[in-house]
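Asks: Whenever a hint applies, use it, and build me the whole structure from the sequences.
Here is how the chains run, residue by residue.
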Amino acid sequence: MIRFSVIWILGAGSLMAAEDVPPSVADAFWTTHVKSVVETNCVRCHGTVRRKAGVDLRSPAAARRGSKKTERAIVVPGKPEESSLYRVLLPGADPHMPPGKKQLDPESIAAVKAWIERLGEAKGPADKKAVEAKAAPETSSLPSGVSPRLVIDLLIEKGWRDRKVEPARPANDREFARRVYLDLAGRIPTPAELKSFEAETSFDKRELLVDRLLASDDYPRHMREVFDVVFLGRESGAKDAKTWRSYLERSFRENRPWNEIVDDLIVARPEAKEQRGAVEFIRARKEAKDVAALFAPSVLGLQLACAQCHDHPIAPEIEQRHYWGMVAFFKRSKAVSTPEGPAIAESAVGGYDKFADLDGENHKVYPVFLDGSSLEEDWPADGKKKDSPDFYLKKDPKSKAPAIPKNSRREGLARFVQQSPYLARALVNRLWALYFGRGIVHPVDKMDSAHPPSHPMLLDWLAQDVRTNGFDVKRLVKSIVLSRAYGLSSESDQRVIADAFAVAPSKPMSAESYARSLWIAVNGSVPGARDLAEGQVSADQLRSAIVPVFPELFPEDPQTTLKQALFLTNHPLVEKLLEPTPGTVIERALKLKDPKERVRLAVTHAFGRTPDAAELDQASAFLSRAGAKPDAAFRQLLWALITSAEFRLNH
Amino acid sequence: MNRRQDGQDCGSPDHEIHRRAFLQGLGAAGLGTAASMMSWSGLFSHPAIAETAKKQNKHCILLWLCGGASQFETWDPKIGRRSSGPFGSIPTKIPGVHFSELMPKCASIVDKLAVIRSMKTEPTEHFQAIDRLVRGDKPRPPFVRPALGSVLGQQLGQLDSPIPNFVLLDPCPHGNEFKAFKAGNWAGWLGAEYGPVRVGGKYEIENVDRVEGLSDADHEEREALRKFFSRKFENDTKSSAAESYNAVFDRVKGLMSCADLFDLNKLDPKDKERYGPGTFGLHTLLARNLVENGAPFVMVANGMPWDCHVFNHEIYQMIVPDLDQIVFHLVNDLEERGKLDDTLVVVMGEFGRTPWINGSRGRDHYPKAWSLAMDGCGIKRGVVVGATEDDGVGVTDSPFDQRRLFATIFHALGVDPHAQYDLPGLPTFHHVEKEAEPIKEVLA
Chain A
113 MIRFSVIWIL GAGSLMAAED VPPSVADAFW TTHVKSVVET NCVRCHGTVR
163 RKAGVDLRSP AAARRGSKKT ERAIVVPGKP EESSLYRVLL PGADPHMPPG
213 KKQLDPESIA AVKAWIERLG EAKGPADKKA VEAKAAPETS SLPSGVSPRL
263 VIDLLIEKGW RDRKVEPARP ANDREFARRV YLDLAGRIPT PAELKSFEAE
313 TSFDKRELLV DRLLASDDYP RHMREVFDVV FLGRESGAKD AKTWRSYLER
363 SFRENRPWNE IVDDLIVARP EAKEQRGAVE FIRARKEAKD VAALFAPSVL
413 GLQLACAQCH DHPIAPEIEQ RHYWGMVAFF KRSKAVSTPE GPAIAESAVG
463 GYDKFADLDG ENHKVYPVFL DGSSLEEDWP ADGKKKDSPD FYLKKDPKSK
513 APAIPKNSRR EGLARFVQQS PYLARALVNR LWALYFGRGI VHPVDKMDSA
563 HPPSHPMLLD WLAQDVRTNG FDVKRLVKSI VLSRAYGLSS ESDQRVIADA
613 FAVAPSKPMS AESYARSLWI AVNGSVPGAR DLAEGQVSAD QLRSAIVPVF
663 PELFPEDPQT TLKQALFLTN HPLVEKLLEP TPGTVIERAL KLKDPKERVR
713 LAVTHAFGRT PDAAELDQAS AFLSRAGAKP DAAFRQLLWA LITSAEFRLN
763 H
Chain B
710 MNRRQDGQDC GSPDHEIHRR AFLQGLGAAG LGTAASMMSW SGLFSHPAIA
760 ETAKKQNKHC ILLWLCGGAS QFETWDPKIG RRSSGPFGSI PTKIPGVHFS
810 ELMPKCASIV DKLAVIRSMK TEPTEHFQAI DRLVRGDKPR PPFVRPALGS
860 VLGQQLGQLD SPIPNFVLLD PCPHGNEFKA FKAGNWAGWL GAEYGPVRVG
910 GKYEIENVDR VEGLSDADHE EREALRKFFS RKFENDTKSS AAESYNAVFD
960 RVKGLMSCAD LFDLNKLDPK DKERYGPGTF GLHTLLARNL VENGAPFVMV
1010 ANGMPWDCHV FNHEIYQMIV PDLDQIVFHL VNDLEERGKL DDTLVVVMGE
1060 FGRTPWINGS RGRDHYPKAW SLAMDGCGIK RGVVVGATED DGVGVTDSPF
1110 DQRRLFATIF HALGVDPHAQ YDLPGLPTFH HVEKEAEPIK EVLA
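If you're matching them up, the sequences are chains A and B in order.
Its first residue numbered 113, the first sequence is counted upward by one per residue in my numbering.
Its first residue numbered 710, the second sequence is counted upward by one per residue in my numbering.
Heads up, some of the hints might be wrong.
[Stated by the list, open to error] Heads up, simulated DSS-like pairs for lysine-lysine below, C-alpha to C-alpha not over 27 Å straight-line: (1) Lys947/B with Lys675/A; (2) Lys385/A with Lys586/A; (3) Lys1143/B with Lys213/A; (4) Lys888/B with Lys214/A; (5) Lys213/A with Lys1048/B; (6) Lys354/A with Lys317/A; (7) Lys975/B with Lys911/B; (8) Lys821/B with Lys1143/B; (9) Lys962/B with Lys688/A; (10) Lys446/A with Lys354/A; (11) Lys164/A with Lys847/B; (12) Lys814/B with Lys1143/B; (13) Lys891/B with Lys558/A; (14) Lys476/A with Lys507/A; (15) Lys1089/B with Lys558/A; (16) Lys814/B with Lys1048/B; (17) Lys213/A with Lys847/B; (18) Lys401/A with Lys891/B; (19) Lys351/A with Lys888/B; (20) Lys225/A with Lys180/A; (21) Lys911/B with Lys688/A; (22) Lys191/A with Lys180/A; (23) Lys1143/B with Lys1089/B; (24) Lys962/B with Lys675/A; (25) Lys507/A with Lys181/A; (26) Lys962/B with Lys214/A; (27) Lys181/A with Lys847/B; (28) Lys446/A with Lys507/A.
[Said to hold, decoys possible] To give an idea of the interface, some chain B residues facing chain A are shown, with a C-beta separation under 7 Å as derived from the structure: (29) Asp846; (30) Pro848; (31) Pro850; (32) Leu899; (33) Ser939.
These aren't lab readings, by the way, just hints derived from the structure by calculation.
No residue lacks a Cβ here, since even glycine has one placed at the ideal position from N, Cα and C.
Replies: Right, here's the structure in full:
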């Protein structure tokens, strides 16, 4: 242990050094000072969709290149007075930018000036090389073999210092248990589970709890519920939901490597019977563009839809051809039925489409990946190519499966995805967002250059760690939920800086977790632990009612809707849930004489904690107020608890 | 207090006192700053709807003719020209001004309307055109300009009003591009709370009726207790998710108190007969009632029925008389009830239709020269502004774009069209860009 911490401290030094050195001084300055000025005032005409005067200001590199139209530079490094980019901003300049009466404020102009001055500081090829060397993420020099949990702590703590924020106090056992049950098991713990965890005395009891939850049946079910929505959304799910869900659940139960799961979904030629559900991903959508629209955000963490009609307005690396390329990979695929069940056939020809850019120029669509990798394919002159059995692999005459093209676009995509950095980064970000309510890149599916990570080094390191450890999902999950940041309290005495992760977030539960937790709060046990009483609301009934009203998962900014508040206030099922059927907390409460005891019971069941003095006073006054019938009053108290923010949010 | 007697108390005023004492006790509880965030004073006054309405004295109803209504079969027939199609025209009270013969009722109240016959806009496709005419300007990604209803809801309404500040009455789940538009972000940079509450068809306001067996008082008290716990949590965590959660619950009681205003079954049968039987008419009737009760902005739509690329005349023969009747009754009702002076009614779609008939006896999209009508608040009565060529191909007199239109709408409602949005960290945006002037000819 001691030796280990020495290594850790050494590692810490080099880590921080790396994080401290920006890609290049000027580029970093652009990001911190110039980017927001330019995005607010300039890119509308110089970059987003149009490039007036041939000028593109979406990145420092593009700005340095100057006008593509006149081939003249707009910046002279180190000499703002000679740089038109700076001169046009000054009051009274002609031409003046932004055009018209608007005048940029002095700080914004000073930022542009300072950036041009800094450009002058890096001169000569030798220097340039040095800058480039620093610019490359130093993943190779990072300490490998260090526990990811320690790296998370180290870099998050550094972030606190950089942002000058104090972390919240550590969560107590009850707070931690409620959170980690919700995050790993998709439900709140029962009072009995909480009590036994609290009574445990081993120093590593939190780790033991996490291990227990990861090995439970709850974990794969919860992951299946989450990733069903991540992959297919809520609106229109899998055609054969049962097979799809059992595929997902099995994958998470067996902790199959994430890259293999993704491979299954793209290639979609399951060999074993229990993998059949993998075809449901492509099969869930008719059109290739709709498959691509599901694929890019869920697997790559990217929204490409913006680039359908033009290059991405604010993320220059996403070009129009990438959108069409992604569609092309799925273009030759078609869901068919075989005697062994549904399959995804693929043609060896077709999909010779064109897209038009904003200038009306037509471009041929090639299966090209985001990094520019492309499959070598001929594009027939007239856009037509005759299919032939020669284009397919020889197959076993007994097999009923669709023929496989020798050059499969889906296999090509799978290859590019496996080689790309997106796969691991998107997984890290997705799981981080699942447990912290926001990604290291936020929102979780916009991992483009316009959305820089809050902790770039951490994202790089974790992604690298995921790759070198065989895309082990449970390992990553465990590292995150045992980190110091995850284990903080959600209480704060000031406005929370969300991307510092210095306070545990209060995040809405998924609809499924919410339904299950409501049921547990009222019944004190997990669904299925005992038979339902006559007429009692089942957890499934509750889930079916709640999912359409609370569909959101990974919201960019969690908002409650009026529809949700009305549901909780007036839906008959919520009322029915609170009926004192045998075994419910209501039934047990009514056997207690002291109103304070009833309050304690209710608060413990709903919040997993004991009430404080004020709560005890208020709630027992509520129970004993004149004219209140004991059973009705207790139901109202329980309603007030389970519909309060403290219950609704996982914190 | 409108106490129902069917709850669990006997109705004696004694309960009321004790209940009040209990609730006031909640308010005084040692919550520190949390207590100061809560307004207990409002807890007992059912916000009387009429009282709220008094504060908001300007309203707007947008009858949204989605798909793009033909100007020839409505406000601007071309007498004796082939472009006008098979329908004739009828004179109005204004000499020389004719409406389509499908609109006799509106022709009879032309002295109350303002018709603009020279709208000239750009987008030729639905999505872009809807976006332009509902928001008032070109898109400028990544920023999203709020829809007219969101801005007016914010400007004319109050966040704690019982009736939502922006009501969208549209029963139709379909409508291609309009469907896509509806799924998007209406409120833009104003934030989700300024988005529309959508009602109509399956988009009814669900769960708005109080649970059976729970009295008003029970309902109020358990809500007060809920709020006590929930605010405490918000105060302890400073979580924005909790803040949004609590803010929404604050609106529940208000909405429940005005739920009847959204119920088609509660409409006066005589009114229904005049406006009905289609949902567009019935929803216009709802809009009238909502506005009378204080709603700042109601948009009435019904999918995209006006987009007749095929069999234009056959379909318009059915839908224009409906519109004629609906506009006629709405204007008259508002006037009779003394609401026309503070309610602006706008009747328009996203563009007009071609002067020529296509091979399927339909008219295609035409933004270059089209018409719309307004009346009410701040609008001159009995004017027809702008003109197009004999066949309606181009505007000959006073072309107006959506900016001029929006400036007119804002101005008519007493909202500064050129006011700047308060958007820290965002570019400068105004209600209407480029200082576009209101159309003076239609302003009272």
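Asks: Indicate, hint by hint, whether the structure satisfies it.
Replies: Here's how the hints hold up against the structure:
{"no.": "1", "hint": "Lys947/B with Lys675/A", "result": "holds, 24 Å"}
{"no.": "2", "hint": "Lys385/A with Lys586/A", "result": "holds, 24 Å"}
{"no.": "3", "hint": "Lys1143/B with Lys213/A", "result": "holds, 11 Å"}
{"no.": "4", "hint": "Lys888/B with Lys214/A", "result": "violated, 37 Å"}
{"no.": "5", "hint": "Lys213/A with Lys1048/B", "result": "violated, 41 Å"}
{"no.": "6", "hint": "Lys354/A with Lys317/A", "result": "violated, 36 Å"}
{"no.": "7", "hint": "Lys975/B with Lys911/B", "result": "holds, 17 Å"}
{"no.": "8", "hint": "Lys821/B with Lys1143/B", "result": "violated, 31 Å"}
{"no.": "9", "hint": "Lys962/B with Lys688/A", "result": "holds, 21 Å"}
{"no.": "10", "hint": "Lys446/A with Lys354/A", "result": "holds, 21 Å"}
{"no.": "11", "hint": "Lys164/A with Lys847/B", "result": "holds, 17 Å"}
{"no.": "12", "hint": "Lys814/B with Lys1143/B", "result": "violated, 38 Å"}
{"no.": "13", "hint": "Lys891/B with Lys558/A", "result": "holds, 23 Å"}
{"no.": "14", "hint": "Lys476/A with Lys507/A", "result": "violated, 32 Å"}
{"no.": "15", "hint": "Lys1089/B with Lys558/A", "result": "violated, 49 Å"}
{"no.": "16", "hint": "Lys814/B with Lys1048/B", "result": "holds, 20 Å"}
{"no.": "17", "hint": "Lys213/A with Lys847/B", "result": "holds, 20 Å"}
{"no.": "18", "hint": "Lys401/A with Lys891/B", "result": "holds, 21 Å"}
{"no.": "19", "hint": "Lys351/A with Lys888/B", "result": "holds, 24 Å"}
{"no.": "20", "hint": "Lys225/A with Lys180/A", "result": "holds, 22 Å"}
{"no.": "21", "hint": "Lys911/B with Lys688/A", "result": "holds, 24 Å"}
{"no.": "22", "hint": "Lys191/A with Lys180/A", "result": "holds, 21 Å"}
{"no.": "23", "hint": "Lys1143/B with Lys1089/B", "result": "holds, 25 Å"}
{"no.": "24", "hint": "Lys962/B with Lys675/A", "result": "holds, 13 Å"}
{"no.": "25", "hint": "Lys507/A with Lys181/A", "result": "violated, 55 Å"}
{"no.": "26", "hint": "Lys962/B with Lys214/A", "result": "violated, 46 Å"}
{"no.": "27", "hint": "Lys181/A with Lys847/B", "result": "holds, 26 Å"}
{"no.": "28", "hint": "Lys446/A with Lys507/A", "result": "holds, 19 Å"}
{"no.": "29", "hint": "Asp846", "result": "violated, 12 Å"}
{"no.": "30", "hint": "Pro848", "result": "violated, 10 Å"}
{"no.": "31", "hint": "Pro850", "result": "holds, 5 Å"}
{"no.": "32", "hint": "Leu899", "result": "violated, 13 Å"}
{"no.": "33", "hint": "Ser939", "result": "holds, 4 Å"}
Violation of the numbered hints given earlier is confined to hints 4, 5, 6, 8, 12, 14, 15, 25, 26, 29, 30, 32; the remaining hints are satisfied by the structure.
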